[in-house]
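A.B. asks: Sequence:
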Amino acid sequence: MANLYYDPGQGRAANVRDLFGRIAPHYDLINNLQSLGLHHRWKSRLAKLAVPDAAPPSTRRVLDLCCGTGDIAFRVSRRGAVAIGIDFSEAMLRFARQRATLVPAPTFIRGDALALPFPNQSFDAVTIGYGLRNLASFERGIAEMIRVVKPGGQLLILDFACPENLLWRAIYTGYLRFVVPAIGKLIAGDAAAYGYILESLRHYPSIEGIKGILRSQGCGEINIQRILGGAMSIHAARTPAPSAGTPQDLGAPHRTR
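2 is the number of the first residue of the sequence shown in this note's numbering; add one for each residue after it.
These are calculated hints, taken from the structure and not from any lab test.
Heads up, some of the hints might be wrong.
[Claimed, not checked] In silico EDC-like links for lysine to aspartate or glutamate, alpha-carbon gap of 20 Å or less:
no.: 1; residue 1: Lys212; residue 2: Glu140
no.: 2; residue 1: Lys151; residue 2: Glu165
no.: 3; residue 1: Lys151; residue 2: Glu140
no.: 4; residue 1: Lys49; residue 2: Glu222
no.: 5; residue 1: Lys49; residue 2: Asp113
Throw the hints in and build the complete structure from the sequences for me.
C.D. replies: What follows is the structure, given as structure tokens:
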């Protein structure tokens, strides 16, 4: 069955926005079921990388792209940093704001990951969990992340990946093809929305491919954590440091389109 949401062209943004608008009321429950609750562990790992124990958290600013209902942003905030979550789905943001009972709570705004409404070098770190795969351009998304992070700051990317072991890949692919859509059908009445994960993964770069994009855009100290035998991955990278004597640019937001 053709997926109703995946579009390799310019229609992807509208389709993905529609997808997340449909599943927003069930998003957290289905994430818990399809990952057996393990996504909490992986997101906590990402937040800890964004706000290390050794860093002074109160002065640290972290942007969470494609924040959804705020899982990573809340974890960053609990670690003491200033957290801002941005997503282009107002439906997802409504659920994030409803959860914002912590003091201090993250700030949630609507925006486009390919044209972020922030000046250059505004953040110490940028996180993105299960969002890069959904962007119309992976390269432009990473370029915008680099733009808004201070020189030498962190880019942290958590997403699905494709296991190298052929047997594990077959089991994993079968799980995404049959089990995950069945959960989506049972809970949300929408199997196609969760069939989208496998379809998008087919067009997403490999773990080494994402590393190559980061390197081609000047990032260094690229570290990869393979999770569940390569079914998930975390890429941690440092943004390019400025040349000696180069002033920092804190100018107006740059628009990529």
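A.B. asks: Does each hint hold? Answer for all of them.
C.D. replies: Verification of the hints:
{"no.": "1", "hint": "Lys212 with Glu140", "verdict": "holds, 11 Å"}
{"no.": "2", "hint": "Lys151 with Glu165", "verdict": "violated, 34 Å"}
{"no.": "3", "hint": "Lys151 with Glu140", "verdict": "holds, 19 Å"}
{"no.": "4", "hint": "Lys49 with Glu222", "verdict": "holds, 17 Å"}
{"no.": "5", "hint": "Lys49 with Asp113", "verdict": "violated, 25 Å"}
Of the numbered hints given earlier, the model fails hints 2, 5; all others are met.
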